[in-house]
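Per this note's numbering, the very first residue in the sequence shown carries number 477; after that it's consecutive.
The hints are simulated quantities; they were obtained by calculation from the structure and are not laboratory data. As the structure is a prediction and not an experimental result, all values here were calculated from the model. Quick reminder that beta carbons are idealized off the backbone N, C-alpha and C, glycines included. Keep in mind that a hint or two might mislead.
[Unchecked claim] DSS-like, lysine-lysine: derived pairs with alpha carbons at most 27 Å apart:
1) K521 <-> K495
2) K540 <-> K557
3) K479 <-> K540
4) K540 <-> K521
[Unchecked claim] Beta-carbon label-pair distances, calculated as ranges:
5) V480 <-> L520: 14 to 24 Å
6) D494 <-> E543: 33 to 43 Å
7) K495 <-> E543: 12 to 22 Å
8) R544 <-> D494: 11 to 21 Å
9) K557 <-> M477: 17 to 27 Å
10) S561 <-> G526: 12 to 22 Å
11) R556 <-> L483: 12 to 22 Å
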Amino acid sequence: MYKVAYLDSVEEDLKKLDKSTVKKILTRIETYLAHDPKGLGKPLKGDFQGYWRYRWGDYRVIYKISEREILILVLRMSNRKDVYS
477 MYKVAYLDSV EEDLKKLDKS TVKKILTRIE TYLAHDPKGL GKPLKGDFQG YWRYRWGDYR
537 VIYKISEREI LILVLRMSNR KDVYS
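Let the hints inform the model, and build the full structure from the sequences given.
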């Protein structure tokens, strides 16, 4: 199981979402994504190469995987229309 860490900027992303959505997304990250970040996520391309995304409905979680540290670093968490900007 991977450890999950969040950038401070993710807190700002979460403030823009309703509390029930935040709770559901965080639960999915800690329960599912932490166990299989490559199986559930998708590698990004182009300018975002080296990063991964996890999709949950209209929401996206952008993260980086560190195999050496067994860590998932969550960089962004937002609606798909805003997450890549």
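We went through each hint and held it up to the structure:
The straight-line distance between the Cα atoms of K521 and K495 is roughly 31 Å, outside the 27 Å bound, and the hint therefore fails. Distance hint between K540 and K557 is fulfilled; the C-alpha atoms sit about 20 Å from each other, no more than 27 Å. Taking the CA atoms of K479 and K540, the gap is about 12 Å. The hint holds against a cut of 27 Å. Straight-line distance between C-alpha atoms of K540 and K521 comes to about 13 Å, which keeps the hinted pair within the 27 Å bound.
At about 18 Å, the CB distance of V480 to L520 agrees with the hint of 14 to 24 Å. Look at D494 against E543: about 34 Å separates their beta carbons, and that is inside 33 to 43 Å. Against the hinted window of 12 to 22 Å, the Cβ-Cβ separation of K495 and E543 comes to about 33 Å, which falls outside the hint. Roughly 36 Å separates the CB atoms of R544 and D494, a value that falls outside the hinted 11 to 21 Å.
In this structure the hint that K557 and M477 lie 17 to 27 Å apart at CB is violated, the actual value being about 32 Å. A C-beta distance of roughly 18 Å is found between S561 and G526, which places it inside the suggested range of 12 to 22 Å. A beta carbon spacing of about 19 Å between R556 and L483 agrees with the range 12 to 22 Å that was offered as a hint.
In the structure shown, a violation is registered for the earlier hints numbered 1, 7, 8 and 9, in ascending order.
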